[in-house]
Amino acid sequence: MKLPYWVRGDTNAFFGFGVNVLVNVLTLTGLCIGVVHMASGDVFGTVLPALGVALVFGNIYYTYLARRLARKERRTDVTAMPYGPSVPHMFIVIFVIMLPIYLRTNDPLRAWQAGLAWAFIIGVIVLIGAFVGPYIRKYAPRAALLGTLAGISITFISMNPAAQMWDMAWIALPVFALLLVGLLTDVKLPGNIPIGLAALLLGTAIGWIGGAMSVPDVSSAAGDIAVAVPDLKLGLLFDGLGDMAPLLATAIPLGVYNFTEAMTNVESAATAGDNYNLRSVLLADGAGAVIGSALGSPFPPAVYVGHPGWKAAGGRTGYSMATGVVIALLCFLGMFGLLGALLPTPAIVPILLYIGLLIGAQAFQATPRAHAAAVVAALIPNIASWASGQMDNALAAAGTSAAQVGDEALEGAGVFYHGLLVLGQGAILAGLVLGAIVAFVIDKRFWHAAVFAGSGTVLSFVGLIHGEKVEWNANGQVALGYLFVAVVCVVFALGKVPPREPEPDEVGAEVPAPRPAPDLEKAAAPAA
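The numbering of the sequence shown is this note's numbering, which starts it at 1 and goes up by one.
No lab work stands behind these hints, which were simulated from the structure alone. Virtual Cβ for every residue (Gly too), placed ideally from N, Cα, C. Check each hint, because a few of them may be wrong.
Using 30 Å as the maximum straight-line C-alpha spacing, the simulated DSSO-like pairs for lysine-lysine come out as follows [as the list claims (entries may be wrong)]:
no., residue 1, residue 2
1, Lys72, Lys2
2, Lys496, Lys444
3, Lys72, Lys138
Restraint ranges, calculated between C-beta atoms of paired labels, are given here [stated by the list, open to error]:
no., residue 1, residue 2, range
4, Ser214, Thr400, 31 to 37 Å
5, Gly191, Thr400, 52 to 58 Å
6, Arg71, Thr400, 56 to 62 Å
7, Leu339, Leu173, 46 to 52 Å
8, Gly399, Ser214, 27 to 33 Å
9, Leu109, Val487, 29 to 35 Å
10, Lys72, Gly419, 46 to 52 Å
11, Gly191, Gly242, 56 to 62 Å
12, Met213, Trp166, 16 to 22 Å
Using the sequences plus the hints, can you model the full thing?
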């Protein structure tokens with residue numbers, strides 16, 4: 001089967017996804033230098049090249065998986081999975097792992113070592129998850145999988161970009177409007193100009209003409225340009241692993257988060273028509289984190305939210321490989337300081353809000369209408385996690401914390417911080433459990449609901465969900481609550497209540513059939 005490496009839609013997806021990854025690498029660069037005070041030479045000379053190696057091999061691998069699937073199913077509309085540095089982990093490794101060690105020791109090198117060890121542990125856990133995840137995906141309802149993914153997308157992927165957009169709306173909103181027209185309709189720009197490129201150029205032009213950018217900043221950033229070749233940093237990694245025990249408390253639940261998120265992203269791709277092997281995806285994610293940490297990057301890469309968006313934009317197999325190669329080259333050349341000075345952030349982040357809209361909508365469109373409440377239930381823990389994180393950041397900026405203010409004072413102001421904190425811990429796994437319970441209750445499949453409630457009991461008791469850290473009896477009260485839910489479900493199951501009859505439009509909805517191969521020109525064009 002003759003399969004092109006590049007179609008017109010890949011150009012759209014490349015500029016959209018490439019900008020997405022570009023934003024994230026710019027962000028983690030700023031976090032390393034501005035928060036942990038790592039030397040710019042270490043960041044541009046080691047961390048970014050190490051990340052570049054992981055990205056280029058990961059995206060080439062996902063391009064290979066997409067082409068293999070296309071040939072297997074004889075389709076030309078298969079879209080590769082997007083792959084890049086994990087956004088939640090960027091902030092977690094900086095603020096939860098590296099920053100406390102830097103503040104305690106005033107030594108960026110010690111903080112960097114801990115970050116490498118943490119990323120390595122994450123990778124190992126994801127590799128183990130490759131053999132567990134397929135079974136979870138097999139038995140969890142789609143509403144729970146897509147609902148928790150939508151929760152991540154609406155909060156962590158969409159809210160901060162939306163805030164940045166409205167902070168400089170005169171730059172961002174025209175960009176957002178152009179993306180909506182180009183990616184959600186069949187309207188084409190003159191000369192078939194890629195919509196992602198046009199949007200970025202429009203926002204950049206408005207930003208520079210309006211005086212939002214600075215020429216001296218560009219001149220200063222140009223001094224950071226230098227060729228850097230990654231090499232093994234096993235000494236740094238082993239030094240960090242020497243004090244591994246404190247890292248496990250966050251690495252274990254975050255490793256579980258990683259393979260659960262990958263699982264929901266694979267389900268999202270299946271809903272869009274591309275059925276990937278979950279084990280292959282998880283092995284790539286875990287290997288990327290291990291290799292990156294050995295080369296000096298504390299930022300685990302992962303499959304991204306957004307496959308349906310890039311598919312709708314016309315992306316097929318080439319956009320992913322091109323993104324990995326281009327971002328890697330920028331990392332090797334130390335170009336990210338210069339790009340950050342050239343491109344206004346409000347011109348870049350609207351693509352993230354677009355992805356958030358699409359994934360949030362998919363969670364409701366690709367599940368039975370009767371399961372809408374289950375989708376919302378799966379959203380809630382992620383919303384709680386985002387909200388409590390915003391509160392923590394605001395209080396820290398004011399020089400205090402929730403513990404110092406006190407729960408009573410916060411509740412008096414209508415802020416139920418402690419409840420949100422507990423609800424949001426282990427959010428993606430908690431959303432999966434809660435969404436599955438609600439979906440199975442709606443279907444009157446009470447034995448299945450009881451099993452997931454029992455899982456919630458165990459996970460809460462050991463702290464993988466609703467707990468500050470992994471330990472015995474991490475949150476016994478929440479575990480007891482899930483146990484009571486299991487008892488209630490068992491009581492109804494013993495009553496032998498007949499299950500809900502699926503509605504006519506639900507038949508076959510859980511496993512969509514592969515689409516027939518379309519004409520290549522149609523496959524290349526953006527479609528809603």
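Outcome of the hint check:
Distance hint between lysine 72 and lysine 2 is fulfilled; the C-alpha atoms sit about 12 Å from each other, no more than 30 Å. For a cut-off of 30 Å, the pair hint linking lysine 496 to lysine 444 stands: about 10 Å separates their Cα positions. Distance restraint check for lysine 72 and lysine 138: the Cα-Cα separation of roughly 22 Å lies within the 30 Å cut-off, and the hinted pair is therefore satisfied. A hinted range of 31 to 37 Å for the beta carbons of serine 214 and threonine 400 is consistent with their spacing of about 34 Å.
At about 56 Å, the beta-carbon gap between glycine 191 and threonine 400 stays in the expected band of 52 to 58 Å. Take arginine 71 and threonine 400: their Cβ atoms lie about 59 Å apart, and the range 56 to 62 Å holds. A beta carbon spacing of about 22 Å between leucine 339 and leucine 173 contradicts the range 46 to 52 Å that was offered as a hint. The given range of 27 to 33 Å is respected by glycine 399 and serine 214, whose C-beta atoms sit roughly 30 Å from each other.
At roughly 52 Å, the beta carbons of leucine 109 and valine 487 sit outside the given window of 29 to 35 Å. One distance hint, 46 to 52 Å for the beta-carbon pair lysine 72 and glycine 419, holds here, with the actual separation near 48 Å. The hinted window of 56 to 62 Å between glycine 191 and glycine 242 holds, with their beta carbons roughly 58 Å apart. For methionine 213 paired with tryptophan 166, a C-beta distance near 19 Å keeps the hint of 16 to 22 Å intact.
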